[in-house]
Amino acid sequence: MAPIVRMNGINKRFLGVDALKDIDLELHAGEVHALVGENGAGKSTLMKILAGAHRPDTGTIVLNGQLVSFASPVHAQRAGIAIVHQEMTLLPDRSVAENVYLGREPVRRGHVDRARMQAATADLLDRLGERGITPRTPVRRLPVAQQQVVEIVKALSMDARVIAMDEPTAALAEHEVELLYDLVGRLRADGIAVLYVSHRMREVFDLSQRITVLKDGALVTSAATTEMTPDQLVRAMVGRPLDAMFPDRAKTRGPVRVSVRGGGNERLRDITIDLAAGEIVGLAGLQGAGRSAVARALTGVDPLTRGEVEVDDRPVRIRSPRAAIRHGIAHVTEDRKGEGLALRQTVRDNTMLVRNAVFGRSRIDVDRLLGSVGLAAGRTGQEVRFLSGGNQQKVVLAKWLAVAPKVLVADEPTRGIDVGAKRGVYELLRELACSGVAILMISSELPELIGMSDRILVMRDGHLAGELPAGSSEEAVMALATGSGA
Amino acid sequence: MTATQAAQPVRHNATSRGRVTPTLMVYLALVVLLVVGSVLVAMRGGVLLDHGGILNILTRSTVLGLVAIGQTMVILTGSLDLSPAYLIGLCSLIAAETMAGDPGMVVPAVLLTVGFAALVGLVNGLVITALKVNAFIATLGVALIIRGYLENTYTGPAGSVPRGFQHLGYDRIGPVPLSTVVMLVIAVAVWWYLTRTKGGYHVYAVGGDAEVARLSGIRTGRTIVMTHVLCSVMAGLAALFLVSRLGSGAPLVGADGGYDLESIAAVVLGGTLLSGGRGGVAGTIGGVLILATLDTVFDDLGVTPFLKDVVRGAVLIVAVALYARSQLARRAR
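As they're listed, the protein sequences go chains Y and H.
Under the working numbering, the letters of the first sequence match residues 1 to 486, in that order.
Under the working numbering, the letters of the second sequence match residues 487 to 819, in that order.
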């Protein structure tokens with residue numbers, strides 16, 4: 001049978017980096033096609049090209065035998081391709097029906113035909129067997145799983161024949177996932193082609209008929225789901241050589257500097273972690289598993305509401321970033337430009353920011369501090385926004401060195417910086433550890449995390465799924481992170 | 487499709503029962519205020535809601551009401567308009583000078599005034615959407631430009647309206663001024679527009695999330711420009727009412743009335759979210775009536791203007807804090 005959609009030789013570059021290299025993809029009616037890969041493998045980019053949010057540099061998309069090119073997502077929608085986003089694109093204060101027909105409201109004699117809109121929405125909800133949702137309810141009052149149903153109803157209301165779902169279970173609780181399974185089953189039965197983007201092994205094998213694996217923007221393999229084992233799939237996703245660019249690991253482990261017992265909050269449960277002087281502990285997990293939530297809890301951004309925390313064997317309560325800093329916990333945030341730096345201020349001002357704010361004004365040798373992170377002395381008066389990503393990250397590190405932390409939580413410390421600068425950050429982190437700082441490092445890049453860590457904690461769904469020793473394989477980490485048990 | 491309607495299952499909607507919407511809160515507050523005000527005024531030997539009192543409240547509500555109706559639409563899209571006060575002053579002069587006491591010039595003057603107001607709204611909207619200037623700054627800039635022109639060109643009232651045009655400001659239907667009736671008719675029309683038409687739906691969508699609206703194929707820029715045009719037209723109408731009462735145009739008639747900030751206060755008091763996407767005209771009219779009633783009560787009690795402003799400020803803050811609380815409670819559910 002001819003596919004509904006055939007994508008051929010898709011290439012896409014962003015700022016000189018290959019995001020997608022020569023990708024082919026076919027979607028068939030009544031088939032769930034799983035698209036898997038690590039963070040940054042190109043899944044989202046491919047999906048956005050299909051849905052008209054990006055245009056491919058080269059390559060073609062054939063829809064129902066016709067060559068198509070979409071100027072915008074609206075055009076793709078009109079052609080029958082809808083996308084169900086990971087983050088909701090609904091208006092919380094508008095009703096279910098109003099959201100479903102947003103921008104396409106049926107009109108009768110100059111006014112919106114609300115009766116027809118609500119009846120049509122109710123019909124679609126019935127078609128999905130969804131009886132708990134009233135078309136007139138404001139979306140704000142629906143639980144997340146039902147909001148997702150509304151997104152799918154919206155797609156169906158456009159007569160979509162192709163629905164792309166981006167990590168649809170990311171925001172769902174365990175029992176809500178079952179609901180989504182049913183829903184996807186019904187879409188299949190209706191002859192809709194589903195592109196299912198996920199990196200959860202279980203869902204991929206439960207739902208899909210075909211799996212395509214992307215890695216670093218290239219297609220690794222594409223096969224029928226029945227012809228693949230979870231083992232093979234994990235290997236296809238991660239298999240790459242480990243670079244020899246990481247400094248030597250610690251030989252000794254000092255006293256415990258910070259310990260969390262049974263910590264929890266809205267995003268986390270039952271977190272128990274010890275971080276000792278001299279070690280770098282890696283925190284792995286899929287996006288949304290709660291890695292950053294741990295970082296944000298330890299550093300008082302989104303504090304823990306349950307459990308005990310001790311710093312140097314003394315019980316402490318960390319209820320704000322200021323409290324965390326006072327207790328010697330530093331936070332290299334995930335979003336360097338948004339949260340880590342005052343971009344329009346100078347290197348000097350940024351370096352002194354935390355120290356001055358929390359410990360009062362005092363004189364220290366800024367040049368020496370910047371020198372220790374490898375920044376030339378001539379840079380102190382420059383505005384931070386003119387620095388390269390790597391040098392910006394050095395300023396962030398210098399900022400924290402200025403307060404002599406006991407614990408450093410580094411969330412994606414090498415994001416968006418080039419290979420040479422990465423190496424610099426690795427060495428700095430290791431030096432810091434050797435000087436007695438306990439480091440918790442988060443990274444979506446598994447080779448980096450494995451290369452740096454003295455041990456690895458793996459998170460899944462807001463709790464710690466397990467611990468792995470230094471030098472564990474990517475497969476082992478992924479198995480714990482996805483819960484595939486492979 | 488319609489065949490399934492009969493077979494539709496009963497849908498339970500427990501959550502919509504017993505909910506106090508901001509609009510309901512506003513009118514409850516208004517009733518409480520009227521009762522408390524009446525008692526206070528009675529203690530001083532007066533009557534709040536006699537013929538004169540009602541007339542006073544409604545007259546005060548009319549001009550502010552018009553401006554606030556326009557402001558409601560603008561704020562619902564997530565924008566803001568700081569220019570109505572000076573625009574009203576300029577429009578009053580355009581109307582009065584064009585009429586110059588000649589009954590034959592009434593219609594051209596009204597058209598010219600409304601047309602000019604619309605043009606200013608168009609400028610506001612285009613500066614915001616095309617030049618991407620923040621609405622606060624854009625409309626403040628336009629307000630300052632108009633003020634500069636007014637101060638440079640006029641030293642006091644100018645122009646005059648024919649006696650016939652004054653009917654608009656002084657005629658009454660029972661205790662209700664004609665102008666109030668016109669304002670309420672416009673309020674109903676705008677309510678219908680916002681809640682029943684496609685354009686109105688898009689106003690809420692743009693204010694709720696401009697990006698979501700854009701991706702749904704809504705022309706967000708056009709929606710914002712249109713609300714600004716309508717808002718300025720409302721200011722133009724307000725100017726016509728003021729002129730008909732004053733008999734001539736006055737450069738500072740809008741600024742003295744504080745219609746820029748006061749209209750925003752009325753909208754917010756009426757439960758419309760300042761960031762847009764939620765609220766409506768019904769609440770705004772309630773907010774306007776509350777502000778007008780407060781004024782009237784204070785006048786009857788002979789309270790100093792200073793205390794008046796203090797109480798108005800406090801009322802506004804308490805109201806918005808209450809809305810924020812009820813919103814939190816709903817989310818925590």
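For the record, the hints were derived by calculation from the structure and aren't laboratory data.
It cannot be assumed that every hint is accurate.
Chain Y regions said to be covered by chain H (calculated; three or more residues, Cβ under 8 Å) [as the list claims (entries may be wrong)]:
1. 93 to 101
2. 176 to 187
Simulated crosslink set (DSS-like; lysine-lysine; CA at most 30 Å straight-line) [said to hold, decoys possible]:
3. K251(Y) / K48(Y)
4. K251(Y) / K618(H)
5. K406(Y) / K48(Y)
6. K48(Y) / K794(H)
7. K21(Y) / K48(Y)
8. K21(Y) / K251(Y)
9. K337(Y) / K422(Y)
10. K422(Y) / K406(Y)
11. K337(Y) / K618(H)
Ideal Cβ placement from N, Cα and C applies to all residues, glycine included.
(message) Which constraints among the numbered hints does this structure fail? Numbers only, ascending.
(response) Failing hints, ascending: 2, 3, 4, 5, 6, 8.
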